[in-house]
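J.: Sequence:
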Amino acid sequence: MNTETESPKKLSLVVFSGSFEKVHYALVMASSALATGREVTLFFTMEASRALLAPSGWRHLRTDAQGATATSIDLSYATRGIGTFEELLSACASLDGKFMVCEMGLRALGLEDQATRDELSIETGGVVTFLNDAKQNGEMLFI
Numbered sequence: 001m002n003t004e005t006e007s008p009k010k011l012s013l014v015v016f017s018g019s020f021e022k023v024h025y026a027l028v029m030a031s032s033a034l035a036t037g038r039e040v041t042l043f044f045t046m047e048a049s050r051a052l053l054a055p056s057g058w059r060h061l062r063t064d065a066q067g068a069t070a071t072s073i074d075l076s077y078a079t080r081g082i083g084t085f086e087e088l089l090s091a092c093a094s095l096d097g098k099f100m101v102c103e104m105g106l107r108a109l110g111l112e113d114q115a116t117r118d119e120l121s122i123e124t125g126g127v128v129t130f131l132n133d134a135k136q137n138g139e140m141l142f143i
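Numbering of the sequence shown is given in the working numbering, commencing with residue 1 and proceeding in unit increments.
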């Protein structure tokens, strides 16, 4: 098999942006990769860390659309047949996606004492932990 034409075996996503639309799309990419048999690690840091806070911190993410809220955009996606935030998050979890949250990012925002979603298995760690989790034949994306 030609390794130059093979797809990556693992996708490692750094989810940095606090934009609802960008975090939502990171979940679209992750769930698609998982559904096609790839391993995925989602490393949430800085403002994106809010998406993993209990019970639904994603609703507090800012949006790129003027006057819209994360909830209103999510509802509009649902009416158009686009996976909602909760559906995509659940898909990633049920397909064995790995969730990590950056301890530095939480500390930088003063969120280190906030509870994360208990229905998800979320590992708290740092950049070194994330990099050690990556694979040589994988791809890394920064969102």
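Treat the hints with caution; some may be incorrect.
Here are the simulated lysine to any residue pairs, SDA-like style, with alpha carbons at most 25 Å apart [claimed, not checked]: (1) K10 x L95; (2) K98 x Q66; (3) K98 x G125; (4) K98 x S7; (5) K135 x A91; (6) K9 x I122; (7) K9 x V127; (8) K9 x R107; (9) K135 x P55; (10) K98 x P55; (11) K10 x R107; (12) K98 x Q114; (13) K9 x Q114; (14) K135 x Y25; (15) K10 x S72; (16) K9 x D133; (17) K98 x A65; (18) K10 x D133; (19) K10 x P55.
Quick list of simulated restraints, FRET-style, between CB atoms [to be verified]: (20) S56 x T129: 33 to 39 Å; (21) G37 x G125: 31 to 37 Å; (22) R80 x D113: 35 to 41 Å; (23) G138 x T69: 33 to 39 Å.
Read the hints as simulated data drawn from the structure, not as lab findings. In this text the structure is predicted, and so the values were computed from the model without any measurement. We treat Cβ as the ideally placed atom computed from N, Cα and C, and that holds for glycine.
J.: Please go over all the hints and tell whether each is borne out by the structure.
T.: We went through each hint and held it up to the structure:
Restraint check: the Cα-Cα separation between K10 and L95 comes to about 13 Å, which is no more than 25 Å; the hinted pair holds. In summary, the hint linking K98 to Q66 is not supported, as the alpha carbons are separated by about 32 Å, beyond the 25 Å threshold. At most 25 Å may separate the alpha-carbon atoms for a hinted pair to count; K98 and G125 meet this at roughly 12 Å. Restraint check for K98 and S7: the C-alpha separation of about 19 Å stays at or below 25 Å, so the hint holds.
About 22 Å separates the Cα atoms of K135 and A91, which keeps this hinted pair within 25 Å; it holds. For a cut-off of 25 Å, the pair hint linking K9 to I122 stands: about 22 Å separates their Cα positions. With a C-alpha separation of about 21 Å, the suggested pair K9 and V127 falls inside the 25 Å cut-off, and the hint holds. Note on K9 and R107: the hinted pairing is violated, with a Cα-Cα distance of about 32 Å set against a maximum of 25 Å.
Distance restraint check for K135 and P55: the Cα-Cα separation of roughly 32 Å exceeds the 25 Å cut-off, and the hinted pair is therefore not satisfied. Using a Cα cut-off of 25 Å, the hinted pair K98 and P55 holds, with the two alpha carbons roughly 19 Å apart. Distance check on the hinted pair: K10 and R107 sit about 28 Å apart at the alpha-carbon level, beyond 25 Å; violated. A distance of roughly 20 Å separates the Cα atoms of K98 and Q114; the hinted pair therefore holds under the 25 Å criterion.
For the hint pairing K9 with Q114, the CA-to-CA distance comes to about 33 Å; that exceeds 25 Å, so the pair is violated. With a CA separation close to 22 Å, the supplied pair K135 and Y25 stays within the 25 Å bound. Restraint check for K10 and S72: not satisfied, since their Cα atoms lie roughly 32 Å apart, outside the 25 Å limit. Taking the CA atoms of K9 and D133, the gap is about 13 Å. The hint holds against a cut of 25 Å.
Under the criterion of a C-alpha separation no larger than 25 Å, the hint pairing K98 with A65 is inconsistent with the structure, at around 29 Å. For the proposed pair K10 and D133, the alpha carbon gap of about 10 Å is at most 25 Å, so the pair holds. For the suggested pair K10 and P55, the alpha carbons sit about 29 Å apart, so the restraint of at most 25 Å is broken. Judged by the Cβ atoms, the range 33 to 39 Å given for S56 and T129 is violated: they are separated by roughly 26 Å.
In this structure the hint that G37 and G125 lie 31 to 37 Å apart at CB is violated, the actual value being about 25 Å. The supplied range of 35 to 41 Å is met by R80 and D113, whose beta-carbon atoms lie about 38 Å from each other. About 34 Å separates the C-beta atoms of G138 and T69, a value consistent with the hinted range of 33 to 39 Å.
Comparing the model with each numbered hint stated earlier shows that hints 2, 8, 9, 11, 13, 15, 17, 19, 20, 21 do not hold.
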